[in-house]
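Work out the full structure, taking the sequences as your base and the hints as a guide.
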Amino acid sequence: MTTLPAWAVWTLAFGSPAVTAVIAVAGEYYGRRGDVELETRSKREEVLRNLRWAAELAVSDDALKATLGLEQLQALRASQMLSPAEEEQVDAALHAAIEGPRQAITRRAGTVEVVASGLATAGVPGAAGDTLVPSKGEAKRAETGI
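Anchor point for the sequence shown: position 100 equals 100 in this note's numbering, and the numbering is continuous, going up by one each time.
For the record, the hints were derived by calculation from the structure and aren't laboratory data. Note that the Cβ used here is the ideal one computed from N, Cα and C, for glycine as well.
Distance ranges between label pairs, derived from CB positions:
hint, residue 1, residue 2, range
1, Thr2, Tyr29, 35 to 41 Å
2, Gly31, Trp53, 31 to 37 Å
3, Leu68, Ala92, 16 to 22 Å
Below, simulated SDA-like cross-link-like pairs (lysine to any residue); rule was C-alpha separation at most 20 Å, straight line:
hint, residue 1, residue 2
4, Lys65, Ala92
5, Lys65, Leu48
6, Lys65, Ile98
7, Lys43, Gly31
Structure below.
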């Protein structure tokens, strides 16, 4: 039977668990770091997917879809999930979605003239001779006497 020197026995007895603990801590560290990177990448992909979806809606010919797209872009811009590069992309999408209709309005209308309603007293219906038209509910109540 072979005997080991005392220092070798002590090194194996205490060194082996210490090395195992160091390896376990290093594995945990790198595992968590990988999880954080994966979460960051997933969040970025989701933000860009939402940005693409909202931008497509914002330039839609359907007014309701375009409104939804613009509101989604504004909500995405206000969120805390964006990096500076993503904020620039949202700003570019908002600008493109708004600039197209703005140019179309300018081409069609030329100059826009704002016409006052002619009310002598603000907030008083019919103050300057406006014709008052009752709503459907008011007309029905007038007919039934309610």
